[in-house]
Amino acid sequence: MSTTLLEEVPPPRLTPVEGVKEGLQRRWARPGGRAYAVLRWSGATVFAVIVLGLVVSLLASASQAFGHSGLSFLWSGTYNATKDVYPTGIYIIGTLVTTAVAIIVAVPIGVGTAAFLSELAPTWLAAPLSVLIDLIAAVPSIVVGLWGLLVLSPAFAHHVEPFLKKIPVLEWFFHGLAYGPSMLLAGTVLAVMILPTIVALSRTALSSVATEDREAARALGATRWQVVRTAVIPSARTGIEAAVILAMGRALGETIAVALVIGNNNALPHSLLAPGATLGSAIINNFGEANPGLDKSSIIGLVVVLLAITALVNVGGQLLLRRRLRGQGAVT
Amino acid sequence: MSRRPLRRVSTVMVSLAAVALVAAACSSTPTAKKKADKTAASSTTTSTAPAPTTTAAPAPSTTAPAAAHTATTTPAKPTSTACSTSGGPLSATCDTQSPSFKLAGAGANSIQPFFTRVFYYYNQADKGVSVNYSPAGSSVGVTDIEQNTVNFGDSEIPIKTPASGTGGNILQVPVDLGGVALSYNLPGVGGGLKLDGPTLAGIYLGKITTWNNAAIAALNPGTNLPSTTIVPVRRADSSGPGYDLDQYLIDTGGSQWTGSVAGSAASTKWPITNIGIGEQLNTGVAGFIQQTAGAIGYVEYAYSLQAGFTNAALKNAAGSFVKPSQSAIAAAGAQASTLSASNFNIVNGPGAATYPLANFSWTLIYQKQSNTTQGIVAGKLFDWVTTTGQQQAAALGYSPLPANVVSLAHRTLLTLENSAGKALFTS
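Chains as they are written, first to last, in the numbering used here: chain Y, 1 to 332; chain V, 1 to 427.
These are calculated hints, taken from the structure and not from any lab test.
Each residue gets a CB set at the ideal place from its N, CA and C atoms; glycine is no exception.
Heads up, a few of these hints could be off.
[As the list claims (entries may be wrong)] The calculated label-pair distances, taken between Cβ atoms and stated as ranges, are: (1) Y/R229 <-> V/T209: 44 to 52 Å; (2) V/G206 <-> Y/L150: 20 to 28 Å; (3) Y/R324 <-> V/P226: 31 to 39 Å; (4) Y/W172 <-> V/A214: 31 to 39 Å; (5) Y/V131 <-> V/S342: 54 to 62 Å; (6) V/A265 <-> Y/T204: 21 to 29 Å; (7) V/G421 <-> Y/V46: 41 to 49 Å; (8) Y/P234 <-> V/T209: 48 to 56 Å; (9) V/S342 <-> Y/L71: 36 to 44 Å; (10) Y/W124 <-> V/T209: 35 to 43 Å; (11) Y/V51 <-> V/S419: 39 to 47 Å; (12) Y/V51 <-> V/A214: 41 to 49 Å.
[What the hints assert, rightly or not] One-sided excerpt, in silico: chain V residues whose CB lies under 7 Å from chain Y: (13) D237; (14) Q290; (15) T292.
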């Protein structure tokens, strides 16, 4: 409804700033411009070289493990000198499950908080609150992990997990022993860690929604809640999705905080209350003391798998966003 | 139009920055070493994972006087006059005159309470020497010394002999004697619950799942055991305590242990990783036991003592059940009459009073010290740790080294050399 109103207003055209074109032509004539261009290009090259070098060196180090077990590395992992297995499949499942839990917990809270901050909260409350949320982002992961281990874990063992087990339908996800360290706890700790990302980016997306949209919805008799739900959040959807994808990247790759609270059990988890392991936690638990050779190579293999998953999620997410943006461009 | 002056300013700034960079690069060479030292020190401090709160001794001071750095950059001449020939004799008399140095070490988590305290007292006696120890785990200590990224390493299990790394031959010096407790949290049941190899193996294999299991009840007649589920806790990282328990279960747990993936050679990496909970370091295991009714786990006795845990009495080779204690661990150490880095195993030793899970902790240091000052300081420090420093052991739950082990440590430290291959110390 509101979009039809907007269509009638022609978007303002950007007029080129005077002198810019002229400056472009003269760049190479001036020594300062040349230095700047060299600086800029070398910066770009350095980044490309770093990323490429990283991938190539990781692949080279992992080649022994991949050569040893081929494609089956992706589920059964490989053997090391002491006959210990790194079950990659279990780590991948653990990584995906904990990330899913984190997203399920963090997205409603994060987007809700962002909506509150940008739409409802008075300035005297919004400003300090957003500073507090940004502060969470500044907390090192080891601190969040220790807090999860020392504070959340007993609370989960004695209160949260026994309560969840009593809920009829959810029982299927939450059964078995409840002793704190679990996939659920790891997911919750991750949720805390990704919350600031979701809140900050969603808030930006929400506040950039045009005031006219809000006013139009208000004019049609929408309540405050309806304005947020029907006008603001749909318009900011792309931005919120971008926030979630960025947050997912962090949740997938987190290591030490997860290692502290997940229980580090290499068994296929039968419930969210069961301990498990993720790629990140397995890497940090085993890398420091890996024997040279196949053992170390296998762990770098895990790093490659983790890198591939994160890259897939990020690239996939960006493609999705780009397609949606193009779709929106066609409509308006 | 308004952009142009702005751009000129930025150009000037960029060229200024470039000049400054070049200038900094030229002038920084003399201070480079200083900077490297500082970063090394700070990195070890930050990697200090879940640090247990040591009750009495505060952490060793990390602020060394400026003299320490000057000594670093101009080595070779020890300032001491009393110990004029190289490092002089390796005895306690020269302690307080040793040159200033800041040592960086990494390794066993189990020895951390002991190291924290002895390094603190050494620093009190000799303000010039301070030690930065990162308790990241035995295997980290081994890797770090092999790659020569620390001044010394420490491992609960010595490296396979002959030990060497990028810096040449590695000396292995026994520095403390500790035990591993099987601690449990079982409300209503006191300390001293009797357990033996097959029962413990059953628990860690997930075959014995409740505390009132017949196997446990048979060992503990008269004890009212609850039906609480057993939650076995193990180390998620490689560990010395894990090695000791693995060795004990290989010796006594029967074919159910050796026949499973555990194998017949003890491993610092815990063999059964799909049962129970894995936690990081002694601190993590201790923290979990503290929180969880029904939990049982292996932790260095010093940590168990500090947390006030109830510990199991384990069946030793003589057939008696012994709880971990300073005297029972000392009894295990006394059996090591022919101790060496290749003959280090004292798990499940003989003697009725012997606690079966005990081990010496080994400090790893390069025989050839490229920095003479560092070599002299380290030699004197560890000679003090293995002699006078042992007085600190008992209060923390370790046992003082037996005389033959002290002499082994002394003999080993005497072989320290400078970069030219000349002995640093005279006996």
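Now for the hints, and whether the structure bears them out:
1. At roughly 50 Å, the beta-carbon separation of Y/R229 and V/T209 lies within the given 44 to 52 Å, and the hint holds.
2. The beta-carbon spacing between V/G206 and Y/L150, approximately 27 Å, falls within the hinted interval of 20 to 28 Å.
3. Range check, Y/R324 to V/P226: Cβ separation about 58 Å, and the 31 to 39 Å hint is violated.
4. At roughly 33 Å, the beta-carbon separation of Y/W172 and V/A214 lies within the given 31 to 39 Å, and the hint holds.
5. Between Y/V131 and V/S342 the C-beta distance comes to about 60 Å, which sits within the given range of 54 to 62 Å.
6. The beta-carbon spacing between V/A265 and Y/T204, approximately 57 Å, falls outside the hinted interval of 21 to 29 Å.
7. The hint said 41 to 49 Å for the Cβ distance between V/G421 and Y/V46, and at roughly 44 Å that hint holds.
8. With their beta carbons about 52 Å apart, Y/P234 and V/T209 fall inside the hinted range of 48 to 56 Å.
9. Checked against the given bound of 36 to 44 Å, the beta carbons of V/S342 and Y/L71, roughly 42 Å apart, stay inside it.
10. Between Y/W124 and V/T209 the beta carbons are some 56 Å apart, a value that contradicts the proposed interval 35 to 43 Å.
11. A C-beta distance of roughly 41 Å is found between Y/V51 and V/S419, which places it inside the suggested range of 39 to 47 Å.
12. Range check, Y/V51 to V/A214: about 60 Å between beta-carbon atoms, so the 41 to 49 Å window is missed.
13. Among the interface hints, the one on V/D237 holds; its C-beta lies about 5 Å from the nearest C-beta in chain Y, closer than the 7 Å criterion.
14. Look at V/Q290: its Cβ only gets to about 9 Å from chain Y, farther than 7 Å, so that hint breaks.
15. At about 5 Å, the closest approach between the beta carbon of V/T292 and any beta carbon in chain Y falls short of 7 Å, and the interface hint on this residue holds.
Violated hints, listed in ascending order, are 3, 6, 10, 12 and 14; each of the other numbered hints is respected by the structure.
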